[in-house]
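Make one complex out of these two single chains by using the hints.
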Amino acid sequence: MLRLININKRLGDFALTDINIEVSAGEYYVLLGRSGSGKTQLLELIAGLEHPDKGRIILDNEEITNRSIQDRKVGIVFQDYAVFPHMTVFGNIAYPLRARKEDKKSITEKVEKAATAMNIKHILERSTIKLSGGELQRVALARTLITSPRLLLLDEPLSSLDTSLKDDLKRLLRNLNKAGQTIIHVTHDYGDAISLAKRVGVIHNGNIIQEGSVDEVFKNPSSRFVARYAGIRNFFKVNISEENGLFVGVTDHNVRFKLNGVTAGNDRLLFIRSGFISLTNEVPADNELNAIKGRITEIIPSEFGMEVVVDAHDLFHINILFSEIEKLKLVEGKDVWVNFPARAIVVINSNS
Amino acid sequence: MILSSLVLLFILAPLIGMFLHTGGGQFLETVKDREVQQSVWLTLWVSFAATLIFSLGAIPFAWLLARKKFPFKNVVQGIIDLPIVLPHTAAGLALLGFISRDGFLGKTASLFGLNLVNHPSGIALAMAFVSLPFLINAARDGFAAVPERLEKAALNLGASNTKVFFTISLPLAWRSITTGFVMMFARGMSEFGAVVIIAYHPMIAPVLIYERFSSYGLNYARPASVFFILVALLFLIGLRLLSLKRKEKYINADAQTD
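Here the protein sequences line up with chains G and B, keeping their order.
Sequential numbering from 1 applies to the first sequence in the numbering used here.
Sequential numbering from 1 applies to the second sequence in the numbering used here.
Hints are computed from structural coordinates only; laboratory data are not their basis.
Mixed in with the good hints there might be a few duds.
To be verified - No farther apart than 30 Å at their CA atoms in a straight line, the calculated lysine-lysine pairs in the DSSO-like style are these:
#: 1; chain 1: G; residue 1: LYS178; chain 2: G; residue 2: LYS121
#: 2; chain 1: B; residue 1: LYS163; chain 2: G; residue 2: LYS110
#: 3; chain 1: G; residue 1: LYS73; chain 2: B; residue 2: LYS68
#: 4; chain 1: B; residue 1: LYS163; chain 2: G; residue 2: LYS113
#: 5; chain 1: G; residue 1: LYS121; chain 2: G; residue 2: LYS104
#: 6; chain 1: G; residue 1: LYS104; chain 2: B; residue 2: LYS245
#: 7; chain 1: G; residue 1: LYS166; chain 2: G; residue 2: LYS237
#: 8; chain 1: G; residue 1: LYS170; chain 2: G; residue 2: LYS73
#: 9; chain 1: G; residue 1: LYS130; chain 2: G; residue 2: LYS101
#: 10; chain 1: B; residue 1: LYS163; chain 2: G; residue 2: LYS101
#: 11; chain 1: B; residue 1: LYS163; chain 2: G; residue 2: LYS105
#: 12; chain 1: G; residue 1: LYS73; chain 2: B; residue 2: LYS163
#: 13; chain 1: B; residue 1: LYS68; chain 2: G; residue 2: LYS54
#: 14; chain 1: G; residue 1: LYS101; chain 2: B; residue 2: LYS245
#: 15; chain 1: G; residue 1: LYS104; chain 2: B; residue 2: LYS163
#: 16; chain 1: B; residue 1: LYS69; chain 2: G; residue 2: LYS54
#: 17; chain 1: B; residue 1: LYS245; chain 2: G; residue 2: LYS121
#: 18; chain 1: G; residue 1: LYS178; chain 2: G; residue 2: LYS198
#: 19; chain 1: B; residue 1: LYS73; chain 2: G; residue 2: LYS54
#: 20; chain 1: B; residue 1: LYS245; chain 2: G; residue 2: LYS130
What the hints assert, rightly or not - Partial chain B-side listing against chain G, Cβ under 10 Å, derived:
#: 21; residue: GLU151
#: 22; residue: LEU155
#: 23; residue: SER160
#: 24; residue: PRO171
Ideal Cβ positions, reconstructed from N, Cα and C, are used throughout, including at glycine.
Isolated chain B (complex conformation) (with noise of 0.2 Å):
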């Protein structure tokens, strides 16, 4: 029980510390600082983007998963996660390699006019990157909760694959599925070394604290830090809300129609 409010208190003394260093008015000028506003908003939006674009293939993915046996899935398995366990720099430098202008994908992107280097793409595949494995595990999890059963009467009674997993698999795996969304989401936006790497600017969030740590020192970062995990903390908590409130829809809806 001690241990427990011991290690309780050390993940929230530092908060709290930090939050009541930063006076009232440090803050205010630090909330109305267009380029705090900016790269607040383009780390919520582009993690949010790749979250959204990674999981069309990341969820299908993760049902093949659970379900398909297939050779070599315990490797395929240890691939997943392995962007866990690199250190986000290292990975940071491997996608460079790969999205600049020499890589395979920046010399495709390039094609089309696209630089990946420096751009909110760049940064988007960067958080997509490290954050991954948070979406594909809890959404395989998600799934293999899903009793066969239900999935095999619902083919017995003339679906097709696809249909009974938009209509079966996919609506009771998805309570772990928003989970995962709002993992991946969550990591994503608090990257820093992997993006610092591909895009020191334009600056996201993490980057800008650091740049105005190392320029400014500890009392001109913090105010930013605190603004930003507002921000992140007031988003979290209103996409838990919202996917929460889906699930419910879709049970009523039911009632009625497709």
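The shape of chain G in the complex, shown without the other chains (with noise of 0.2 Å):
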């Protein structure tokens, strides 16, 4: 649907390089990186907002390159929402309707239905200026979906929501999705990407540096970037099923989580935070904990310390002190127990 091929734009002392995207319809697809490595602008060159010194933009077929800003159909919704200040929530959703010169009566009938599912009809006559963040980002994305844009492009559009609100919108970008909206969701949290795309690809120094389904990306990092990015190694596709009342996550190499607070399921994807897990050489006393045998193939020195990179048919890779390698007599080729409670494992919902 979308193709950005061979695309360089420099910007001051910055530069996207040779950046190449395919994303095709339907698909959500977030652009991971952190703040300063070219995300948001590629996103304006997208929209049109900005052009490439180089590359192509194809949508749909179309060559659109230099098309103008109007003409492109691609909605983007910027990170700090740029809702108009000067006009009602109303003034706001029906402002590209006006811009298209539409009557009267069918502009009110679509801004209350883009309300309504919105969730924001009751705000509807009021003034910009003293909405919430949640609200304002409601009234920007419901003012691009009115457009009917063939794409939606999300700058950060959870980045300043609390925990609660942060959830909520997560399941309207997903349904949204599954309606058939095709979505380009830029972010620099992990844990975002994780739980909304289905394909990510790495932005790093306006390159993209990794690119793929989500799991492919964090399971096998192509560079230290990437994995450094994540933070967390411990990436595992699951089956999640209740035995006696407890809820079992099983990987295809049959090894076992106990989770807390979850619902059964297949595929899904599960990592454990880093810092809850330690190693022992014996079963630990406690029952509550996940306790995993495998054989350690590998001690690398990290920059946390030391890496360990255990073996039980999947691998984990631990962080632990040199000082824990020397009171364990931790060598490779020996058998240890990977530890961790049932409240590091945090379970991507990925049917909800």
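Okay, structure coming up:
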């Protein structure tokens, strides 16, 4: 649906170089990168607010590289929402329709419908000055969606929302995507990426350094940057089922995780938060802990001390202090137990 | 604190002095004087018209300065500020060369049977020449303070450049623009140097005050000054209130329709 071909753009002392991205129709594509990595600029190029120095942008088999902003039918929602402060909520949502000179009656109908879908119908007549961040975002989304964009671009939509609003918005975005809306979502947050994306592109210093499904990218980071970006190496695909009132997640290699506060389902992704995993030579006494037996395959110096890689049919990466290695007499080839509490496990609810 | 009060006093004391020295009877007589009335009225409407007409070009120009990069932008900015630093008599002389029958603009105007020298339109040009920087600079700052994101968002929502200018940039910069408008208007109507060279007649208030002072002395010039100051103040305050009201109206009106 969207193809970026060898996009180059110089921006001061920073440049986007040879960006190639392909997004198919109906896809949820997350562009992951730190601030200053060029991800917002890339969105602006796609929307036509900026023009590339080199390269081509193809949308629905048409070249749109030099197409005007208004003709692209690509909607962008900015990080700061860019809601017009001198208009009411109604005025904001109606803006694109008024720009197209639609008649009053159809504007009112469409705005009310869009506002209902976004759950902001009750604030339509209000000024936008005193709205909360979550409300502003819904106004910005409604305003963009009312134009029925072929492609929806979101710049850090979750970054300034608190947790409960975040979940609401994630659900909303998932439903939008399910209804067929192609979305490109830019974020610095690894958690957002894995909870929403079908595919991920990691952007660093103006380059796409890795691209693929969430599973591919974070299980096989192609570079130290991607691995460190996530800060998490222990990432597993599991089927979750209930056994004797307890929930258990099982990987394809039959590694079993005890889980809390989850629901059953197949093909879920889970990761173990770093900092919760420890190693012991014996089975731990605490029955509540997850304890998984494996063999040490590698001990590598890392920026946090030492990284121990344990093969339990799936690989675990554990960062521990050098003194611990000596105390536990850890060497390559030794059998150990990998321990972590159930609360350290985060299950990505890809079905909700 | 004391220094600040002294500075404030320095501005106020001469004005208060002038008001106190003006007797009631003398003042009323001046107010009734048709010559004075006409000159005050002329000053106000010519300055207002000059500001209004020139704002049609100055406001889009200010937007350009705030938003676009172009070669020699600093030079252009310098040229705009030039009238502020020129001695106004010199500005008047330069303008006279331009609008007299031999000058380019004067020649063009005379084709339509219009003589700019000693005519309100010439006065308007002189007023605009010295006061235009105030409007352009204030409007430019106003446009620059409008987040570019909002303009980009509007473009993305399908609005044309013109539509974005009138529905986003202009209303959001409105306060600065009206401030600039009032400043330009005020500066224009208080102009003496440039106007007196272009048109001694018809007489605008500052020229009239000068004429009364040089022909009859301080006591005759003072009541006219006081009258002009009072009328100008009333007009300025009225304009300010009106511009604030219009801004509010714009916001409220939007809830209904365009």
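These are the hints, each one checked on the structure:
Restraint check for G:LYS178 and G:LYS121: the C-alpha separation of about 23 Å stays at or below 30 Å, so the hint holds. Of the supplied pair hints, the one linking B:LYS163 and G:LYS110 holds, its CA atoms being roughly 21 Å apart against a limit of 30 Å. Distance hint between G:LYS73 and B:LYS68 is fulfilled; the C-alpha atoms sit about 25 Å from each other, no more than 30 Å. This hinted pair checks out: B:LYS163 and G:LYS113 have alpha carbons roughly 25 Å apart, not beyond 30 Å.
A C-alpha spacing of about 18 Å is found between G:LYS121 and G:LYS104, which places the hinted pair at or below 30 Å, so the restraint holds. For the hint pairing G:LYS104 with B:LYS245, the CA-to-CA distance comes to about 27 Å; that is within 30 Å, so the pair holds. For the hint pairing G:LYS166 with G:LYS237, the CA-to-CA distance comes to about 24 Å; that is within 30 Å, so the pair holds. For the hint pairing G:LYS170 with G:LYS73, the CA-to-CA distance comes to about 23 Å; that is within 30 Å, so the pair holds.
For the hint pairing G:LYS130 with G:LYS101, the CA-to-CA distance comes to about 29 Å; that is within 30 Å, so the pair holds. Annotation: proposed proximity of B:LYS163 to G:LYS101 holds, straight-line Cα distance about 11 Å (limit 30 Å). Distance restraint check for B:LYS163 and G:LYS105: the Cα-Cα separation of roughly 21 Å lies within the 30 Å cut-off, and the hinted pair is therefore satisfied. Between G:LYS73 and B:LYS163 the CA atoms are separated by roughly 18 Å; this keeps the pair inside 30 Å, and the hint holds.
About 22 Å separates the Cα atoms of B:LYS68 and G:LYS54, which keeps this hinted pair within 30 Å; it holds. Note on G:LYS101 and B:LYS245: the hinted pairing holds, with a Cα-Cα distance of about 28 Å set against a maximum of 30 Å. Using a Cα cut-off of 30 Å, the hinted pair G:LYS104 and B:LYS163 holds, with the two alpha carbons roughly 18 Å apart. A hinted pair counts as satisfied when its Cα atoms are at most 30 Å apart, and B:LYS69 with G:LYS54 qualifies at roughly 21 Å.
With a C-alpha separation of about 29 Å, the suggested pair B:LYS245 and G:LYS121 falls inside the 30 Å cut-off, and the hint holds. Using a Cα cut-off of 30 Å, the hinted pair G:LYS178 and G:LYS198 holds, with the two alpha carbons roughly 11 Å apart. Annotation: proposed proximity of B:LYS73 to G:LYS54 holds, straight-line Cα distance about 27 Å (limit 30 Å). A C-alpha spacing of about 21 Å is found between B:LYS245 and G:LYS130, which places the hinted pair at or below 30 Å, so the restraint holds.
Taking 10 Å as the C-beta contact cut-off toward chain G, the hint placing B:GLU151 at the interface holds, the least distance being around 9 Å. With 10 Å as the threshold, the beta carbon of B:LEU155 comes within range of chain G, its nearest partner Cβ sitting at about 5 Å, so the hint holds. Interface restraint check: B:SER160 against chain G, minimum CB-CB distance 7 Å, threshold 10 Å, status holds. At about 5 Å, the closest approach between the beta carbon of B:PRO171 and any beta carbon in chain G falls short of 10 Å, and the interface hint on this residue holds.
Figure legend: structure checked against the earlier numbered hints; every hint is met.
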